[in-house]
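Peer 1: Sequence:
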Amino acid sequence: MSDNKEHTAVKPGLVNKIQAGDLVAPKTLTTIKGQPTQWPDPERLVHLQFRRFAGCPFCNMHMRAMTLRHAELASAGIREVVIFHSSEASMQPFQGDAPFDVISDPEKKLYQEFGVEKSLRALMDPRAIAAAIKGGARKMKTANPDKGESPLGLPADFLIAPDGSVVACKYGVHAYDQWSVDDVLTLARGFHARASTRSEPAPSPAPKSAAAH
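Each residue of the sequence shown is one higher than the last, beginning at 1 in UniProt numbering.
There's no promise every hint is true.
List time: in silico DSS-like cross-link candidates among lysine-lysine, alpha-carbon distance up to 30 Å [stated by the list, open to error]: (1) Lys118 - Lys108; (2) Lys118 - Lys27; (3) Lys118 - Lys17; (4) Lys17 - Lys108; (5) Lys27 - Lys108; (6) Lys118 - Lys33; (7) Lys170 - Lys27; (8) Lys170 - Lys108; (9) Lys17 - Lys109; (10) Lys33 - Lys170; (11) Lys33 - Lys109; (12) Lys17 - Lys27; (13) Lys27 - Lys109; (14) Lys170 - Lys118; (15) Lys33 - Lys108; (16) Lys170 - Lys17; (17) Lys170 - Lys109.
These are computed hints drawn from the structure, not numbers from a lab.
Taking the hints into account, I'd like the entire structure generated from these sequences.
Peer 2: So this is what it looks like as structure tokens:
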């Protein structure tokens with residue numbers, strides 16, 4: 001469970017900037033493989049990622065890193081759910097083999113609900129350019145945005161507890177500004193450590209010593 005603090009419910013349909021401690025509405029969706037997925041998960045943390053368009057090289061570099069360490073994430077009690085603002089047809093060649101839940105949201109309804117925006121800085125930021133060069137983006141399979149897709153989208157990350165509260169979140173300021181796998185694992189360890197501490201029984205008070213006669 002999350003830390004003891006007052007939770008603020010996130011209202012669907014409004015542009016929100018989510019904060020740690022907010023409550024997200026339960027949701028059940030269908031992945032691009034036709035399987036149901038939901039958040040919150042009663043038994044695991046959900047790492048909800050908002051990516052850009054299906055052929056985005058930055059997104060697919062990150063997806064590759066997540067795929068390589070998927071077993072490690074699962075062992076840490078984390079379930080990955082990744083959202084793209086592309087059609088299912090556009091996503092299949094790029095994300096169709098992902099070992100985690102991937103969702104198509106071409107109308108950007110979820111992006112609006114979680115306050116995920118776009119910016120000219122998405123591609124112009126030197127840090128994004130440096131990440132693309134270092135990560136070998138030019139060697140990866142890519143595609144230009146389809147009609148209705150924006151190359152200016154920004155990524156975002158949310159870690160959702162089993163009770164629906166947001167453990168932590170990050171709104172990226174450029175196209176490759178997201179949590180790394182190590183970041184997600186560190187956040188999960190912190191959450192589980194706090195949960196374990198809260199579940200331990202309080203120590204019994206020490207008996208009072210007998211008064212001297």
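Peer 1: Could you run down the list of hints and mark each one as holding or not?
Peer 2: Comparing the hints with the structure gives:
{"no.": "1", "hint": "Lys118 - Lys108", "in the structure": "holds (11 Å)"}
{"no.": "2", "hint": "Lys118 - Lys27", "in the structure": "holds (24 Å)"}
{"no.": "3", "hint": "Lys118 - Lys17", "in the structure": "holds (13 Å)"}
{"no.": "4", "hint": "Lys17 - Lys108", "in the structure": "holds (15 Å)"}
{"no.": "5", "hint": "Lys27 - Lys108", "in the structure": "holds (15 Å)"}
{"no.": "6", "hint": "Lys118 - Lys33", "in the structure": "holds (27 Å)"}
{"no.": "7", "hint": "Lys170 - Lys27", "in the structure": "holds (20 Å)"}
{"no.": "8", "hint": "Lys170 - Lys108", "in the structure": "holds (18 Å)"}
{"no.": "9", "hint": "Lys17 - Lys109", "in the structure": "holds (14 Å)"}
{"no.": "10", "hint": "Lys33 - Lys170", "in the structure": "holds (27 Å)"}
{"no.": "11", "hint": "Lys33 - Lys109", "in the structure": "holds (20 Å)"}
{"no.": "12", "hint": "Lys17 - Lys27", "in the structure": "holds (18 Å)"}
{"no.": "13", "hint": "Lys27 - Lys109", "in the structure": "holds (13 Å)"}
{"no.": "14", "hint": "Lys170 - Lys118", "in the structure": "holds (14 Å)"}
{"no.": "15", "hint": "Lys33 - Lys108", "in the structure": "holds (19 Å)"}
{"no.": "16", "hint": "Lys170 - Lys17", "in the structure": "holds (10 Å)"}
{"no.": "17", "hint": "Lys170 - Lys109", "in the structure": "holds (19 Å)"}
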